[in-house]
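Each chain, written out:
There are 2 protein chains.
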Amino acid sequence: MKEALDSRNDQSQYVRNCGMAARTASRIVAQASTRQKNEALLAMAQAIVAGQSRILEENRLDVAAGKQQGLADALLDRLELTPDRVASMVQGLQQVASLPDPVGEISELNRRPSGIEVGRMRVPLGVIGIIYESRPNVTADAGGLCLKSGNAAILRGGSEAIRSNRAIAGFLQEGLQVAGLPASVIQVFDNTDRTLVGELLGMSEFVDVIVPRGGRSLIERVSHESTIPVIKHLDGNCHVYVDSAANIDQAVAIAFNAKCRRYGICGAMETLLLAESVAEKVLQRLVPKYRAESVEVRGCERTRQLVPGAIAATEEDWGTEFLAPVLAVRVVDNLDQAIEHIDRYGSGHTDAIVTQDLEASRRFLREVDSSSVMVNASTQFADGFEYGLGAEIGISTDKLHARGPVGLEGLTTRKFIVLGAGSVRP
Amino acid sequence: MKEALDSRNDQSQYVRNCGMAARTASRIVAQASTRQKNEALLAMAQAIVAGQSRILEENRLDVAAGKQQGLADALLDRLELTPDRVASMVQGLQQVASLPDPVGEISELNRRPSGIEVGRMRVPLGVIGIIYESRPNVTADAGGLCLKSGNAAILRGGSEAIRSNRAIAGFLQEGLQVAGLPASVIQVFDNTDRTLVGELLGMSEFVDVIVPRGGRSLIERVSHESTIPVIKHLDGNCHVYVDSAANIDQAVAIAFNAKCRRYGICGAMETLLLAESVAEKVLQRLVPKYRAESVEVRGCERTRQLVPGAIAATEEDWGTEFLAPVLAVRVVDNLDQAIEHIDRYGSGHTDAIVTQDLEASRRFLREVDSSSVMVNASTQFADGFEYGLGAEIGISTDKLHARGPVGLEGLTTRKFIVLGAGSVRP
Chain A
1 MKEALDSRND QSQYVRNCGM AARTASRIVA QASTRQKNEA LLAMAQAIVA
51 GQSRILEENR LDVAAGKQQG LADALLDRLE LTPDRVASMV QGLQQVASLP
101 DPVGEISELN RRPSGIEVGR MRVPLGVIGI IYESRPNVTA DAGGLCLKSG
151 NAAILRGGSE AIRSNRAIAG FLQEGLQVAG LPASVIQVFD NTDRTLVGEL
201 LGMSEFVDVI VPRGGRSLIE RVSHESTIPV IKHLDGNCHV YVDSAANIDQ
251 AVAIAFNAKC RRYGICGAME TLLLAESVAE KVLQRLVPKY RAESVEVRGC
301 ERTRQLVPGA IAATEEDWGT EFLAPVLAVR VVDNLDQAIE HIDRYGSGHT
351 DAIVTQDLEA SRRFLREVDS SSVMVNASTQ FADGFEYGLG AEIGISTDKL
401 HARGPVGLEG LTTRKFIVLG AGSVRP
Chain B
1001 MKEALDSRND QSQYVRNCGM AARTASRIVA QASTRQKNEA LLAMAQAIVA
1051 GQSRILEENR LDVAAGKQQG LADALLDRLE LTPDRVASMV QGLQQVASLP
1101 DPVGEISELN RRPSGIEVGR MRVPLGVIGI IYESRPNVTA DAGGLCLKSG
1151 NAAILRGGSE AIRSNRAIAG FLQEGLQVAG LPASVIQVFD NTDRTLVGEL
1201 LGMSEFVDVI VPRGGRSLIE RVSHESTIPV IKHLDGNCHV YVDSAANIDQ
1251 AVAIAFNAKC RRYGICGAME TLLLAESVAE KVLQRLVPKY RAESVEVRGC
1301 ERTRQLVPGA IAATEEDWGT EFLAPVLAVR VVDNLDQAIE HIDRYGSGHT
1351 DAIVTQDLEA SRRFLREVDS SSVMVNASTQ FADGFEYGLG AEIGISTDKL
1401 HARGPVGLEG LTTRKFIVLG AGSVRP
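First to last, the protein sequences are chains A and B.
Under my numbering, read the first sequence as residues 1 to 426, first letter to last.
Under my numbering, read the second sequence as residues 1001 to 1426, first letter to last.
Isolated chain A (complex conformation) (with noise of 0.2 Å):
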């Protein structure tokens, strides 16, 4: 008993001495110049180069124990490290040194009746702690981007790859030391006790922000636990709604993209709406194309009139996210009615509209209300890469702070400054 609470204790100051040490390099790291941050980001990238054959060892082990343990395949295939997805760490490290700096942005610099000057100034956000689950290059993805952005991070990866976390976690810092800056800017838990999880949601002292990265399970833990704001992302229930005004080519290769690109991402479809005036011209078409695929179509009454054998969808089909070769098709009277469909069912992701009318296009993209919002594009666009962001932490679903894909932009905050000559206020 008393060396089960001293045992607790221990991990508890763990969590404490973690928290600490990243407010204090937060600070140190706030201020280093760009020069600074882009040395550590390469030489970070040259670690992970050297160091590759004992990545892969170490992480052979992780997968070794992984199937002793019995993980899903699906599991290890995302603990899994190849040459080539180090190559793409490496790549992203690289790539994330090449992005423009954000921090000390000075913005919105106006004169005041006063005779002030009022403007704003980016900064960053402070300690950053990144939960995630199996994948080890966020270890290396976080870490770059949290570092870029002028942030310390604490990373908390999966038990399961704790020993490939730790090799590149000991990469990463040696990037750091290497450009003068403290290995602590970016600490990852040397320990897989999932009660450490629950102290670092409560260390608001020393943590500004979580992200976690996971399945919903994981999200829905931390946002229930935390009380440090969080940046999460919940359910991507994509739609595209084909509209009566619609080029039905450009529908047809649309509805196909936003599904089958890929099923298993945030931003792929899970339920299509059809204006009736183009249903049947447009499932005439794609039905065809989602057969030769396998994506079973499950249909409203309408729908199943115009495609015989679907499967009739289910009031829960509409809400959910499928992540799978499974697509929830509606035929509705208007752009109302696709508009009204969304806000029901939607989960504020991504929703896109097709069409060739201007007056549609402009209301779809003011009334919906997601975190994107396309015209006669694919869901499958909503990426930070794609939007030009250059990386992304993740998607956020939430309304405050970032909405969408968050690159460095969303792991900084802007301060307000102001310039006075001897100004007092009257």
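There's no promise every hint is true.
Unchecked claim - Rough simulated footprint, nothing fancy, chain B against chain A, three-plus residues with beta-carbon under 8 Å:
1) 365-372
2) 385-395
Unchecked claim - Computed footprint of chain A on chain B, listed as stretches where at least three residues anywhere in the stretch have a Cβ under 8 Å from a Cβ of chain A:
3) 1365-1371
4) 1384-1390
As the list claims (entries may be wrong) - With beta-carbon atoms standing in for the labels, derived distance ranges:
5) B:V1049 with A:G115: 31 to 37 Å
6) A:H224 with B:P1426: 36 to 42 Å
7) B:G1264 with A:S33: 39 to 45 Å
8) A:S107 with B:A1064: 46 to 52 Å
9) B:D1077 with A:E205: 34 to 40 Å
10) A:E225 with B:E1205: 15 to 21 Å
11) A:D190 with B:Q1036: 54 to 60 Å
12) B:D1077 with A:D10: 49 to 55 Å
13) A:I106 with B:A1065: 49 to 55 Å
14) B:A1292 with A:D10: 53 to 59 Å
15) B:Q1036 with A:A72: 52 to 58 Å
16) B:S1204 with A:A72: 30 to 36 Å
17) A:E315 with B:T1082: 54 to 60 Å
18) B:D1343 with A:A183: 17 to 23 Å
Just so you know, these hints were derived from the structure itself, not from any lab.
Think of the CB as a built atom: it goes at the ideal place given N, C-alpha and C, for glycine as much as any other residue.
Once you've looked at the hints, dock chain B against the given chain A.
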């Protein structure tokens, strides 16, 4: 027992009904034109002018009841409405009508290599819950800001102001209806049961953000209980640092204004830091001015050698927001020690440097991690009107989403918009 439960359920249902009505209204007001919102704001102002005697009469009843309940004088003062205070509510609404509408602004629209154009559109947050104490003018101020930013508001004022708030809310809703908007865009809780606040704070399906306005205990309670994101304002422990390269006239004017213009506001200076080389010159001129205003000086050792009769400052004094004619004074070695002091004891609200040295000013601006950082200006400028935001719903000491004075822009967020031409992702 059963009756108590029934009443509990009724109240819970009352709050949920408010929430549902607000959610519905938020969809309508989000799409309202600028003209329609301004028409409503001006009609609200007009209704309040016409109904002034009614408001003052209800307010007299509130004040009388407050006196009977033995409310403190400070609270009674905040509760009381005068024709002047009503006039400034009216002017506030008219001023908000004159501000630019933030909703719908499209920015950063860029063409990407894939051919899609990606930009961002400013949109309302949705439903905003405001929880405040005795000042009834918040009802009109906050209601107006929420409307202009395209949000629906649920206002929960102090029970001591219930009659005043009901009367004001009636006129606000009259204005909404004149402009053809639903009255439920601005709802005031017509029930003073404190447990209802808890219901509101848990209703994340209907409320997008909570803004508490009031004393520290209210804000701590709200932050602690709320499962909805909170934009909050904690302490304003503000500093002025007089650098060795300061213009002494400016230093004296700013240090006097920052403390004495108003003691009770969050932007008031609470600790004065003086570079050793100028401490004597500054104190010689400042202390007599403070004494004339009965400001009590609590000094460090070195200060007390320069100011005979100064009380010794305790460790606790450095961390205290006095909001009173009390000032802590510390002599520091240099800029580094000043920044260290602010970092350790400050609350991240507003801090100023007085200096003629460019590099010192640049370092202070960069390195002090506060929501407002000032050069050669009084901390009492920390205010939405002075910053040109027009009006503020509060001053945020949080880092995420909004930092510093929160105006219309802080009540909105940005979504991504993507424009393609039948674009699919390879």
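So, going through the hints one by one against the coordinates:
no.: 1; hint: 365-372; verdict: holds (count 7)
no.: 2; hint: 385-395; verdict: holds (count 3)
no.: 3; hint: 1365-1371; verdict: holds (count 6)
no.: 4; hint: 1384-1390; verdict: holds (count 3)
no.: 5; hint: B:V1049 with A:G115: 31 to 37 Å; verdict: holds, 34 Å
no.: 6; hint: A:H224 with B:P1426: 36 to 42 Å; verdict: holds, 39 Å
no.: 7; hint: B:G1264 with A:S33: 39 to 45 Å; verdict: holds, 42 Å
no.: 8; hint: A:S107 with B:A1064: 46 to 52 Å; verdict: holds, 51 Å
no.: 9; hint: B:D1077 with A:E205: 34 to 40 Å; verdict: holds, 36 Å
no.: 10; hint: A:E225 with B:E1205: 15 to 21 Å; verdict: holds, 20 Å
no.: 11; hint: A:D190 with B:Q1036: 54 to 60 Å; verdict: holds, 59 Å
no.: 12; hint: B:D1077 with A:D10: 49 to 55 Å; verdict: holds, 54 Å
no.: 13; hint: A:I106 with B:A1065: 49 to 55 Å; verdict: holds, 51 Å
no.: 14; hint: B:A1292 with A:D10: 53 to 59 Å; verdict: holds, 58 Å
no.: 15; hint: B:Q1036 with A:A72: 52 to 58 Å; verdict: holds, 55 Å
no.: 16; hint: B:S1204 with A:A72: 30 to 36 Å; verdict: holds, 32 Å
no.: 17; hint: A:E315 with B:T1082: 54 to 60 Å; verdict: holds, 57 Å
no.: 18; hint: B:D1343 with A:A183: 17 to 23 Å; verdict: holds, 22 Å
The structure fails none of the hints (numbered hints given earlier).
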